[in-house]
Structures are given as C-alpha cells and as structure tokens.
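Enquirer: If you want the building blocks of each chain, they are given just below.
6 protein chains.
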Amino acid sequence: MGYTPEQAEILVQALPYIQRYSGKTIVIKYGGNAMVDDELRNSVARDVVLLRFVGMKPVLVHGGGPEISEVMKRLGKEPTFVNGLRVTDAETMEIVEMVLTGKTNKGIVSQINQHGGKAVGLSGKDANLFIAEKAKGDVDLGYVGKVTNINPEILHALMEDGYIPVISSVAVGAKGESYNINADHIAGELAAAVGAAKIILLTDVRGIYDDIKDENTLRSTLTVKEAQGMIDSGKVSSGMIPKVEAAITAVQGGVERAHIIDGTMKYALLMEIFTDTGIGTMITG
Amino acid sequence: MGYTPEQAEILVQALPYIQRYSGKTIVIKYGGNAMVDDELRNSVARDVVLLRFVGMKPVLVHGGGPEISEVMKRLGKEPTFVNGLRVTDAETMEIVEMVLTGKTNKGIVSQINQHGGKAVGLSGKDANLFIAEKAKGDVDLGYVGKVTNINPEILHALMEDGYIPVISSVAVGAKGESYNINADHIAGELAAAVGAAKIILLTDVRGIYDDIKDENTLRSTLTVKEAQGMIDSGKVSSGMIPKVEAAITAVQGGVERAHIIDGTMKYALLMEIFTDTGIGTMITG
Amino acid sequence: MGYTPEQAEILVQALPYIQRYSGKTIVIKYGGNAMVDDELRNSVARDVVLLRFVGMKPVLVHGGGPEISEVMKRLGKEPTFVNGLRVTDAETMEIVEMVLTGKTNKGIVSQINQHGGKAVGLSGKDANLFIAEKAKGDVDLGYVGKVTNINPEILHALMEDGYIPVISSVAVGAKGESYNINADHIAGELAAAVGAAKIILLTDVRGIYDDIKDENTLRSTLTVKEAQGMIDSGKVSSGMIPKVEAAITAVQGGVERAHIIDGTMKYALLMEIFTDTGIGTMITG
Amino acid sequence: MGYTPEQAEILVQALPYIQRYSGKTIVIKYGGNAMVDDELRNSVARDVVLLRFVGMKPVLVHGGGPEISEVMKRLGKEPTFVNGLRVTDAETMEIVEMVLTGKTNKGIVSQINQHGGKAVGLSGKDANLFIAEKAKGDVDLGYVGKVTNINPEILHALMEDGYIPVISSVAVGAKGESYNINADHIAGELAAAVGAAKIILLTDVRGIYDDIKDENTLRSTLTVKEAQGMIDSGKVSSGMIPKVEAAITAVQGGVERAHIIDGTMKYALLMEIFTDTGIGTMITG
Amino acid sequence: MGYTPEQAEILVQALPYIQRYSGKTIVIKYGGNAMVDDELRNSVARDVVLLRFVGMKPVLVHGGGPEISEVMKRLGKEPTFVNGLRVTDAETMEIVEMVLTGKTNKGIVSQINQHGGKAVGLSGKDANLFIAEKAKGDVDLGYVGKVTNINPEILHALMEDGYIPVISSVAVGAKGESYNINADHIAGELAAAVGAAKIILLTDVRGIYDDIKDENTLRSTLTVKEAQGMIDSGKVSSGMIPKVEAAITAVQGGVERAHIIDGTMKYALLMEIFTDTGIGTMITG
Amino acid sequence: MGYTPEQAEILVQALPYIQRYSGKTIVIKYGGNAMVDDELRNSVARDVVLLRFVGMKPVLVHGGGPEISEVMKRLGKEPTFVNGLRVTDAETMEIVEMVLTGKTNKGIVSQINQHGGKAVGLSGKDANLFIAEKAKGDVDLGYVGKVTNINPEILHALMEDGYIPVISSVAVGAKGESYNINADHIAGELAAAVGAAKIILLTDVRGIYDDIKDENTLRSTLTVKEAQGMIDSGKVSSGMIPKVEAAITAVQGGVERAHIIDGTMKYALLMEIFTDTGIGTMITG
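Chains as they are written, first to last, in the numbering used here: chain A, 127 to 411; chain B, 127 to 411; chain C, 127 to 411; chain D, 127 to 411; chain E, 127 to 411; chain F, 127 to 411.
Hints listed in this document are in silico derivations from the structure and should not be mistaken for laboratory results.
Do not take every clue at face value.
No copy is singled out in the list; a pair is fine if it fits within one copy or between any two copies.
Heads up, simulated DSS-like pairs for lysine-lysine below, C-alpha to C-alpha not over 30 Å straight-line [to be verified]:
id, residue 1, residue 2
1, Lys244, Lys150
2, Lys301, Lys199
3, Lys351, Lys272
4, Lys361, Lys339
With the hints as constraints, model all of the structure from the sequences given.
Expert: Set out below in structure tokens:
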C-alpha cells in the first residue's frame, strides 16, 4: 500500500530535524529496563538504522543488568549490590563480560543489521577504547572500574565508513584485566569525547520529576545547574542519578543537548529527535 | 508540537525506500503544467531537499512553456506552434533562453535553497552540458535543436559535493548558438547518461490511460514495448507523447524505472518514491 | 604557419608572470561598456581560457546595464536612474534577472567554452552565493540590494575541478526574492572573500586621471589612501566611483593588487597580467 | 642490555621474509588445544603484533572448544558431540556465543593490545561478516551452521587503518539468529575471501604424518591433491580433517600457501614465517 | 616594459597547443652536440620550465658524449669507439657515470631550477629505473648495456608532485653494476613506458634529409615505415640512426608523435610544440 | 635453514624498538672512514632496508672524502686542506661533485636497491634541497659553502611513497653554482628540518671519550651542554668536532636523540636502534 498525502506530510515535517543533525554524532545509551521486550528492541534497532540512513551518526552504548543477574543465577552465583553497584569478583566479572559483550551486544548488532544497518559491536577492550583502573571507595567492589582514558579513533574510523558502533560497558585495565563500568557514566563521557551533538539516555520513566509521585511535575528542560541541584537535594532517585550525572558530564564536555526519555515507548528516539519540543527531560548548558 | 507514535510510524515506513535509493541518482522532469502554482512549486522544492538529505541525489530538469509565451506576448510576439513544437526564430530563442535560464531556473533554485538545499542552476550551455544541432524536419522550426552529445561531468562534480543541479532545457550548438530543446526528451537522455536509478516525469494528469475518458483504465505499469505500442496506436495523446518517449529512452538506456505521475498533487514525488506501489504509471524494461 | 624565434621569445617573456600567478585566483569584473563589441567579447573569452590553461584561476563577475535597458524598452518600460542607480520595481527586477542571468551570463559562458574552457554560469542565487537585503537610502530604489553575506564554497569546488565561474550581479534575499546589486562592488567583495591575488576591473577608459581632460595625467599606481582621497575630492567621476570603491574594498580585504584598465583594448587582460608595468591604474595597500 | 652482533644478524636474516609478506594478509587460525596456556597465548599475541609492525596484515580466527564445554558444565549442561560436531540446542548456542565472543575473543584482543597492537574483536554477526544457514545432515545438530556468504569489507576497512581483526567462529542467519560454525573451515574460506597470501592453522601436533605413530614420517610439503588423498585414505585423523580441508579450501581459493603447524611451540608463527623451510606441513597448489 | 598588442597576440596563438598537451607527458632527449653552448643550455632549461608551468609534464633524458671524452683525456685515458659505441671498461664506466650523473645531470637540474622549475636528477640506478644487462655483439664493448626493464613509478610520483625529472643514460645490472646505455634508445623506450604524447629528440641538424647534401630535401613528416626504410637504405647517416630508431620505438610503443629537430636553434622546443607545422622531421604511425 | 626458538626470541626483542620508531624519520650520516670496506657498505645498505621495511623512514646523508682525494690525484691535482677543510677551487669543486653525486651516491643507492629497498639519490641541487652561499672566514676556501636554506618537501614526497632518500653533501648557490658543504653539519641541520626522531652519525671510533687514550672513559650519554663543554675544552678532537656540532644542532632543533657510533662495526645501526642502552655516545637535550 502507498503513502497518503497526510502521511507524506509527516515525512516532510521531519526535514528540519534531518537537516539539523545531518553528519552529527548522536550517542544513545540503551539498556537495562528499556531493553527487556524483544519487539521494543527490534523497534529501537530500526529507528537507529533510520537515523543513520537520513545522515546522522548514531553510536550505541549499552549495559545489561537484568541479563547478567539471570546468567549468574543459572551459574549458582547470587548477585550482590552495594549502593546500587554490583560487587564484581573475578568470576562475576567473567560472567558480566560474557553476557554484555557476547550476548547483549551481539543481539543489538544483529537486530540493527536485520534492518539493513551495518552495526559493529565493540567492548571497551577493542582498540583500547575504554581504559580503566579499579574504582576507589569505602567498600571493595572488586572489578568495578573508573575510566581514565577514552581512545575514540576506532569510532571515527567506523562511522566514516558508514558503520554503526554498538559498545558494551566493559573497560580494560593496565594489565589487560576487565572492568565493569557504569554504562550511563561512560555514555556521557564518550559523548563528550567523540564531539556528539546530542546524547539520549533511554530509561523506563518519562523523565525527571519534581515530585516523582506527580506526573504533572515532569521537567521538560533543566540547566546543568538545576540538574545538579536536584541530585544534591535528593529529588533525583537512585537509579536516575547516574543518568543525570552522565547528562551533566556530556553537556559540560561540549555536547549541546542531553535527553533522558522513556525508551519503553515505541518510537521514543524518533519522537525525541524529530520534534522541537522533544519528549522527556532535556538538560542543556 | 511533537510527533505522535502514529506519525513516527509513518517515518519508519519510509526506511526501506530510503535504503533502496541511498546514494542513487533520481532525475526529475518538472515543468509546464505541473509548475504553475507557487505553493505547489514550494512543496516540490521542499520534497527535493528531503530526498537529498535522506541520501538520494536528485537532478531537476525543467522547461517552462507558459512563462515563455507570456513574456513573448508582453514583447509583442505571437507564439507559433507546429505539431506542438514552438517555432523559434532568433528573437524567440533569446526570449526562451532568458525566461528558462534567467527566470524559471533561478526561481526553482531559490525555492530549493529556501528549504535548506544547495541548488545550482545550469543550462545546457554550462560546461557544454548539452551539445545540439538544428533539428531536421519538414518544417523549418528555427532554433529548435536535437541533442547530439551530453557531458555530464559537471553534474557528478556538483552532486559529489552535495549540490542539487537544476537544469533548463537549452542546448548549445557548435558555434556557441542557443537551441530550444524538448525538456522531456532531454530528461530521458540525461537520466541514461548519468546512470540514474529512476526518472520521474511530473505532469498534470494521473498517468497513462487505456481510455483517457475513463479514470478506471489508468495503467499502473507498462513495459517499454507496451508503452511504444500505445504511442503507435495513438492511445497516448499529443502532450503525453514526449513524456512516454523520454521514459522509453531512459529505460532503454539502463534506468531501472521511469514514472509518469501527477505533479499537481501535493507530495506526489514522495508518494511515488516512498511506497512499493507508487502512483501514476511506471514504465520498466 | 609556425612560430618564428622572435615570437617564441615573446612567449618566454611571459614565464615570470605565469609563475607568479600559478594556482592563484584572479577576479575579473567585466561588463557594461567593456562588453559591447562581439569581437572584443570573443577576445576576452579567449584570454580568460588562456589564463586558466597556464595555471591561474580566473573568476568573472559581470553586470549588463545596456542590455537591460534595451530589453526594458522593448517591453515598454522606461529605465529610471537615481544617482546612477537603477530604480528597480518588481517587474524591472524580473527583467534585470532574465537579461543578466539568462542572456549576458550565458553569452559569456558560451564564448569561453567555444575557446576550449569549461565555464559554468552562476547568479548569486546559486548555492546562496550572494545573500542580500534591501539597500537603505533616502530614495526607495525597490529591489536594489546590499550584500550581507558571501558563500564562496561553490566557487572553490568549481575551480578545483578546472571550471571557470562566470557570475551575474544578482543576489538573493531572506525570502528567496531577487536583488539587483552593483557588479563592481560585488566583484571587490568577492575578490576578498575568495582570497584572490588580483582583481582587474575592465572599463572603457585607460584608468584614473588626475585631470580627466589631460591624457598625460594618468596615474599608473595609487595607494588605497590616495584612491580614497580622489573620490573624496571629486576627482574620480561618477561612473568610476564604484570601480575605485571595489578596488579599495578588495585591497583592504587582502587582495594584493587591484587594477582598473581599458577593457576595450584588445588583449588588455594579457597586457596587464604578463608585464611588470601593467596598463591602466593599479591600486595597492 | 643491548644486542650482540650475533643477535643483530638474526634480525637481518628476517629481512627477506619481511619483504615478501610486506602489505600481505595472513590469516591465522588459532584456538582449542593451541590456546590453553596463558604464557603461550601471550607469546602468540606478541608475535602477531610483531607481524603487524613489520608490515604484514594478520587476521586471527579462533574457536574455543574447551572453554565452551567448561562453561556448559558449570551451567549443568552436558556437551554432546556427533562425529566431532557439537550438538547445539538454543541454550548451548547462547553459551557458545557468550564464551567465544565475550570471553575467548576479548581475551585475545586484550593480550594483543597489551603488546602495543590495535586489535578489534568481531564475530560473524558484526557487519554481517559471516552469513550462515542451518547445516544439513543425517543428524539434526541444532544451531550448527554452514556459511553461505562472507562480507569482508569490514576487515579491509580495519586493516587499512592499522587494526588487527580477531574473529570468533559465530555466524548469523537470515533472521538474525546465531550459528555455531567450524573455526577451521571458516578460516580457510575467509583466507580466500580476503585474498590472503598465507593461512597458518595452529594445532597441537607438528603437522601431518604419513604414519601418525612415526615422528619421522612428517610431511613437510603436500599438494592439494596429496592432502585430499590423505583424507580420503583415512591417513588424516579426525581432529586434523577440518584443518586439512581448510587448507585445501584456501589454496583452491587462491591463497599461495597453507600451513598446519604446532602452535604449542613458542615462536611457532615466527619460525614458520621467517624461514624458507618453515615448520610443520605446507600445502600448496 | 610591457607587452604590445602584437606580442599578446603571439601568446594567444599558443593557446591551442597549450590545450592539446595540457597534462600530457613529453619526453625530451637532450645532449651531445645540442648541449655544448651554455647560453643555449640556459635557454632550453627555461623553455622546459615554461612547458611545465603551462600544464605539460616534460621529462628530460640526456647523454653527454663530449664531456665524458674530455674528462677521460684529463685522466689520461684515450676514448675508443667501435661502430660509434664507446668501449667501456670498468674504469671508463666509472668516469662515464661520474660525468653523466654527477656533472651533466646536475648542471641541467641546476639550470632548470634557476628558472623557477623544480627539477630532480636521476640516473637509471635510482629506484631501479633502468635495469640492463651486458649488450651482446661481435665485439666485447665492456659495460655497454641493453635495457631489459623500465620501472617508471618514480617518474609518475615526481611528476604528480610538480617535479621535472632529468635522467642520465646509466642503467643498473642484476648485481648493482653500472651500464653505459644509449641515451637516444632509452629515451624512445621511456617515452613508450610512461605513456608520453610526444618525444622530441634534439640534435644539431635540421632533421632527416633525403639527400643530406641538399637542404631542400628535408622531410617534414615520415611514417614509421618510411623512416625504417631510410635506415635500411643507408640514407640515414650513422649519428642519426639511434635517433630515428628511438623515434620508431616510441611511436610503435604508443607515442603519438616523435620529432627530430635542431636543438642548436634557440627556442627550438617552443617552435616545435607551439605550432601546427612544427620544425624538423616528425615521425608518426 | 630455519629459525630456532632462540633466534625467534631475538626477533621478538626488537618489537619495542620497532614500535617506538614506527613511522618516524631517522637521519643517518654515513661516509668517510665508515664507508671504506665494500662488505661493510653492503651490510649498512641491508640494515637501512630493514629499518624501512619495519616501518621507519631512514634518510642517508653522505660525504666521501677519501674517494675525492683519490680521483683528484688521478687527475694530477694535490688535495689541500686548511683547518681540516678542503680548499675547493672551481676544478676541485667539479671533481667533488662528480665523485660525491656520480659515484659515492649512486654506489650507496645501488647497494640499497640490491637488498630490495627503493633508494633515490639526490644532491642538494635537486629540487633546491640545500641552498648555500660562500662560507666566510680568514682564508678563502673557494667553493666551500654555508647552507642558508633547506627545502625538505622533496624528501617528504619521496618518503611518503616508500622511497629511501640518499643525499650527497653538495649545495647550490644563488646563481646555480655548486658548493662543497660539510656532510656532518648538513646532516644535523637536515635532521632538524625534517622533524627526525633520531640522528645517527657513523664514524670509525666507538664514541666520545673523556680521555681518548683510555677506552674506559667512553661517555655513553652526554647532554648538549656537556657536549659543547667538551668541544670548548678541547677534549673532542678535530675530526670529531663537526660530528658533535651536528648532534648539538639536531637536538637543539627538536630531534630527540643524536648518536655518534662506530660504523665500522657490523650491525652498528641495528645495535644502536634495537636496544635500550644503544652503543656509542648519545647526546640529548
């Protein structure tokens, strides 16, 4: 069946946004609760291919919490968390890496390629993309790392040739050991390092609320200063903290706009990019 | 205001067509009766910019019959036609060239650029794009020409750098003199010469009919052979003949698909390109 | 017939000048009274092709006053001037554009190509080359524009590929409307914008005189300051004022040398470029 | 401490081999029993970096049998084999992919990068490198695949920029599903597809013997015909069959030389490449 | 002083020839009797620079007979010739090479660079440009060589970057030894190997005569067949034989035109290239 | 015969040094007493080819004192020196140039090419590489020059295409005349001008001694300041002075390390480059 004029008009409305981001890099953080449903994953993959074909350069960064815990349980290991961070002993790290890089990553890659994209999956070990050291803190979390250096050349090389990089949140240490790193944080740092025009963090709530119990208090825009204030005052709840921090990191690193949106809505990426108002919460300088 | 999910879905439906024509050249013949209304011209210009930004390489070829006759009358010259061809004495040729290249062409260029495209207007004289000689026939039509050679290098150079060529139907002779050439015919020949994937001829009827008085007899697809047969049998009426001939020339020259569609419908180009069924009449090998 | 040794020697004398301007851009303002005679036009075209083939990058800018007035009269419109500027209502603007871009421009293009060059004609509308707004002043001159922005990328792209740009003095406004701009002024601004090494303004007198009635008072060189002084003191007469202003604009914008020479002399361009002394008046910083 | 003249002489002896393979692609099949010892893996990684820095283009292909079985057992699944092929149900396939791509692959990548190389790990899913369909046979082996198409563009892009591709033996099906493929076979096919000059298959025996019980019967060279004969006659034992088949595939596909060597010997790769005689068994056309 | 119009006209007459050879390679054999006078050498150097700056790609090949004999005599060695070929023992070869490559070659290079060219001197040893073996014959001539292979890549690399190669007639043998080769012959072979459009052999007579004693019998054009006939019939005298052979070799190898002209005339190169009739004798297929 | 594991290990030990100098330029001053023995010259040539094939960019600079004097004597001219500098009258200069550029240079070129390198010999005249003027001093030394300008573009062009430049110590004056320049000095200046990472000056003693009579006083490292002090205090003897000065010039011009080593030891270059400690004396900032 064909397009109606009404449908064509909708396509035409996308033109200003296609022009604005033509040739620009857009980092998309994708994972966890926004990634549970296969149909939804499929839909995100197709949207990403669309972005690439209309001239943008999407880069995906993903974690994979629920899948990791599920495999750990099958292997008879009980996931343990301290302040929301996974305690990662050597055996857990091996599982984290296998799941993120060998399962989650390739699943996303495969879905993008099904829609005609050319995705290439990477972990932070490939071409030394993410260099980390052991994170310091009151509690020893094992192989939880803090990224000290990003080598984005491989991303520019791939994007230049039309590929879509899909990156798992694993970093490499000075001796080649693996580190479990926070996917939100690394997405924010990466967006700054590659000179992205936009970072979009997909989560499973609509955005940031003044009062999380009141739907009407959704903040559609925040300055970096306001966002930091909401973390300091405790208004931003635990799971959202790294996302807001990532947004702040990105904007302070030169990214024009950071968005926290509800990735469980079908077409969320497109609704964000192809409109003036966007959806969810936008954080800018 | 933002996109609704329903609207985003429409965008997503365009993806397969965007992929199919990514990096491909599409020649669009535009002019005459499809070009009378300013709002419509504006709409076509925007559609062309959209095609370019989603990765296609549109090339426009235009004539401009009504505008020429209008200026001629203001100059006190009566337009004369023999078998649908304008009798073109030296003074008429000067008017034809001024109108097509100095008015119609720059009008289209300007509208495309208003929508964020980078159009460059050319006539067949620029870079010797169209070389012609005097057309032979029973009646001396003056400066009516027959194209003997096309030099498309300038088009490839411009398209490579992101420009949209807009070309008026004027050719140059061996001594630098101007020739009035048929815009439909040259569009068909040009499509073959630049290796286009598609040629779209915009007109003011829905397509080709078995019986022009019966709307239900629209032919959605024709082979080259069938199309030639309809010319030979007189089923294709006078104004449509050069369009069908151009379609045949293009397809025989290696263009995959030629389309004759109603350019007075808003979004006609998009409705043709972004669907499987297309609109109007498609002619293929 | 062959070269004599005496003739070869003349060729050899050109070598230092060929070397000096190899790969350099030279803007040539051509038009009006320097453009009336067909043989002369032909000669200038051939000289420009010669410049290109010996390694320079010529760019032509032209107006076309007499031709415009002539067509206006044929259309029953009386040209009106205020302080030497054409009053340009909407209908006049349409005529100006048709004549400059559709007739004068393509005539020059065609003659250059006749001599083996690869000329491409542009107006300021193509690729948004000249952006203008309505000129302000005591009298409303209609569509007389003042250039606010030059986008020279298209020129660099064309010159890189061996083409010779030929540009008519028409600019585009914010809404796509046309503006009539002074060809001398825009030539001076363009020379600065493209980083030309030289600008040559062809006119129909030998250069600038201290006393216009005394042939012996021709100034072969002037500083920018001296040139401005001659405008201020009224020594430079009306038609010459925009030419001297253009020369000053160019030199202040980084062009090494500006020349005002008699374009009605055959070989004037060559006599200017291929000698140390040059002809006419040279204005430098 | 420094080089002695004797040591420098050894370096000089490598020159002819460095010249012969300068700019050439060398596919190295690495895995299974040749990959068990960490010190050995470290040594192979360094040798590969050396090959790259002296101007060759190494590509690694690996399987990972023992590691897969080990993880399966930890997950309470018993590995089953039919004719040496792993019965691969959906759950097993998931484990195979996680281990090969998420653990084995990244381990090799990390070790190469530790030695200053720029390795990038890929599976056959990335950029649709290996397209497969379900292998047909008497027994249903589940997700055991047969490669139907190789898309090596990503490898050329990476090698051109100085990267070392490391590829796990997982392929992708028409619906995005994963397939377990034989690493030897795919290495042979890939060597032909990328136009390699050499393929080296690392195993844990010295090469091919006429009589496997008699060390003195090692065949240092075999023609494709002789190699095929030894398979047909049963002289080549089960684990060696896919290696010899891969060698034959490669040579028939245009690779000059295929080598089966003992990867458990330190410096095996260097001893093979940097000598005339090589080690192990060489198969040529 | 400036150009007169008459002088400018001469420049303009060169345009068709500049266009014809724009971007084309022209091999010039220069040496021996055409190279004795310093003023003449200076003039040739300047003419070559002129050719380069007007867009051609000149390559010079030279011998240097008289200078070699002169140095030999200073070293107390008597030059010996058999059938016009220098008997070249090891000591003579050393002198030949020193004089040709260290004196004659650098003298030409220096003069070209004095005129603003960028000449680079090479012998056949550089980048293995000319590979030779000992010439066979009735008499042992020592290190007189026959070229078996030409590696012209270095010439293309230099010409692409704007350099003018100047090449001495010395070749290298399989063991690195030097060979004295005929400069005329190698010029002819080189012209074919680099795909030259023209070869010009400078000598000290006006061209080829039917009767060398009668000035009026100069042949302005010869076919290859006719030229061969004149060698066979003995009409071409000894010193001219290798020049005619070189011309034949070049034309048979795809060079359009070979010219034998009087290099002792000032501007001979220009008079040959910048006219239709040329001077001297032209040999074509 | 093949590599033993012990031999392969030696190759592996070179890896860190190969990595460190990959893509870096290394200037090697070679000549005089380090160049007398043919076997040694052959060995140096092969080592240079090895450096190029493992990714470094060697540039050779050479003088040729003994050969010059030897040819002078054969021509009956007595070499004369003042303060270690050759008195160079016009005839001597001609001999110097012929020997250095026509004999020594091409000998080195030929030997490098024998080992599979692509050497191109240049003198300072080629592409105006070294511009000099007459050296001033108490005694008139004739054509002894002081370099005033280096034009290294030709070296970058050649190295980019894989060639190894070999440069004789002859420079060109403002009128095209030749100058005899000190090879050590020009090597130091050239190293700075091309942005070399290292300069190695080959001589016939082990390095710089505190007490030249006591082998145990070899200084393995010196700062620029210490090196200058040893010249000032007379500890550095006459022949060594220009070498130490060249090292100082290079280091002050941005070269990281300068080395003075014994080129008469076989593999001296490799022993210097492929170890941490190096051999001879290293001078750094």
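Enquirer: Look at each hint and say if it fits the structure.
Expert: To see whether the hints hold, each was checked on the structure:
no., hint, in the structure
1, Lys244 / Lys150, "both (17 Å within a copy, 18 Å between copies)"
2, Lys301 / Lys199, "both (29 Å within a copy, 29 Å between copies)"
3, Lys351 / Lys272, "within (24 Å within a copy, 44 Å between copies)"
4, Lys361 / Lys339, "within (11 Å within a copy, 71 Å between copies)"
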